[in-house]
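Please construct the entire structure, taking both the sequences and the accompanying hints into account.
Respectively, the protein sequence lines represent chains E and F. FYI, numbering that gives the first Met the number 0 numbers position 174 of the first sequence as 173, with every residue one higher than the one before it. FYI, numbering that gives the first Met the number 0 numbers position 26 of the second sequence as 25, with every residue one higher than the one before it.
Hints are computed from structural coordinates only; laboratory data are not their basis. The beta-carbon is built from N, C-alpha and C at its ideal position, and this holds for glycine as well. Possibly wrong hints are sitting among the right ones.
Below, computed lysine-lysine pairings styled on DSS-like, alpha-carbon distance capped at 30 Å [claimed, not checked]: (1) 312/F to 56/E; (2) 163/F to 158/E; (3) 185/E to 54/F.
Per the computed footprint, the stretches of chain E lying under chain F, defined by three or more beta-carbons under 8 Å from a beta-carbon of chain F, are [to be verified]: (4) 12-19; (5) 91-99; (6) 137-149; (7) 160-174.
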Amino acid sequence: MATKIFKHIQTSVVPLPIENIDTDQIIPARFLKATTRDGFGNNLFRDWRFDENDNPKADFVLNHPTFSGKVLVAGKNFGCGSSREHAAWAISDYGFDAVVSSFFADIFKGNALNNGLLPVQVSDDFLKKIFDAVYADHKAEVEIDLESQTITISSTGEKESFEINPYKKACLINGYDDIDYILSQKGKIEEFELAR
Amino acid sequence: MGQTLFDKIWDAHVVSSSEGFPDILYIDTHFIHEVTSPQAFDGLRQRGLPVFRPKQTVATADHNVPTIDQHLPIKEELSRYQVDMLTKNCKEFGVELYGLGHPYQGIVHVIGPELGITRPGGTYVCGDSHTSTHGAFGAIAFGIGTSQVEQVLATQCLLQSRPKRMKIEVNGKLQKGVGAKDIILYIIAQISAAGGTGYAVEYAGDTIRSLSMEGRMTICNMSIEMGARCGLIAPDETTINYVKGREFAPKGEEWDKAVAYWKTLYSDADASFDEVLSFKAEDIEPMITYGTNPGMGIGVTQHVPETASFEAKEQGSYKKALDYMGLHDDETLLGKPIDYVFIGSCTNSRIEDLRQVAEFVKGKHKADNVTVWVVPGSKQVQQQAIAEGLDKIFDAAGFPLREPGCSACLGMNEDKIPAGKYCVSTSNRNFEGRQGPNSRTFLASPLTAAASAITGVVTDIREFLKEEELV
Ligand code: SF4
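Here is the structure:
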């Protein structure tokens, strides 16, 4: 089965300058009862986005009239906490293709990569530059290129490169799938079992 | 050059390793539960694949179950559907299920160890971040996402890059009233909620060695709260004695062979770690968290930090956390009225936790302003508690003993802390809304939670213990 492909994107961004955003904020536990992967976007950041009566909270960025885009830019240690992949599904289902932060929690990073959602880790400095650019002009764009592993702030041309595991990079660019890869080594797994 | 404990176990499980690829790591046992598995089973169906090694897969229902009247059908429709789906999937794919009503049912990280499934030297994964708990046996155990659950179901292997290695040593004698939970909350407060990211953490030192298996599980359980990939503790006599005789533990000759191997599982004296940290047991007070991540913890007598003590770019997030908690700069938590006490979760719901709480509350009664829930980690823990008469002690103290499950650890099942209320909780996460929308969590040890239930306010357990020594 093919993974969602990611190559290149140029888009405005949604800024969320909060640190340690945990997966319980991204998708609260009470919305984890679904047994399919779809529809989680409606409950993305549910308790920050809506009040008890399901009315949108005006001060939350996803309800802001002028911020939009396919990239979420967040404070450091994004995605800490629970291993729920529902967090990556919710972000992707809402319409984001990448998340930029100065630090990602491990499990979230893996889950995102497995769903074609690109985690882009930048320096604290560069993160601040993106926030500055987008607060100065809400339509400010960034460009993310996976092949060259770079992120650029379009208006200023400032650029930084980011790390990604080469195998995962190949998966995203070509739509390869982990299970197909491991099953191609099935003989080795059986040998391993026999040798124990 | 010697090897670390982590590397010894990892190397023994590498099926194949190629330059530029993550390792293919063999998984001894895959634990699954109702919340993070349905989409994985769906994936198998779409691919037309079976579960590769159903006998190495163990299922239970824990996150989404009620903790009273478990003999009745689950009331909430979506929860019932999800639990039924697990039953259906396990049947279709030939996986053993310890579901509701089964004598082995319970929180996945409580049942693995108590059934002797979790053993030294093994590799364990589960679609749940607190899988790190199993590392207490000297094993590699970590949480995975649902795509990886599908991967392990399909192949009994996981693609994984080797993490860096960290050693955390704790040496010295703990103060009275201070236990494993305080140690781990202290470590996380020192190194932050992200301080362990990218590492496998080995806990060592004489204080760690002196802990029971239950205490060691509490420590390893919360490794993920500092971002670590997993936590582990070298096996010793305490470990071997705990595993011996359990339902699925090796028997006879197999046992002798296993023990001989387990005795080789330690970090060699000249093994090198990417990072080594040391702490003194004497410095650790009973701990409590005041904020919205587990790194925001203080000794129970200390004051909440001032916003100005943080870097400018962190102050916004810090203020947001304090506002959520209804606290202010420099406030002391000691004496603060609370509404709920939750004793349970995969961090602190084992028989030893319940015994310790029962011993302390015997002859005492909870304060009127507090609702207390004691939720055993498993059916076996519940039965054991009843057999020892702990339920009677709890009842008399106003601490009703419920049925096993994750309960108020996460606001998913029926047990939720109401908005705005304060709960002293023995669980592992104090995130916004974790225990229910707008609930406010103070994480602490079982003893601190029990003492606070008795007084109705955040309490220093040491004060109680001092008084009890006098009489
Ligand atoms: S008790 Fe809490 S932390 Fe543990 S498995 Fe259940 S929900 Fe997760």
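Numbers of the earlier hints that this structure fails to satisfy, in rising order: Hint check: 5, 6 fail, others pass.
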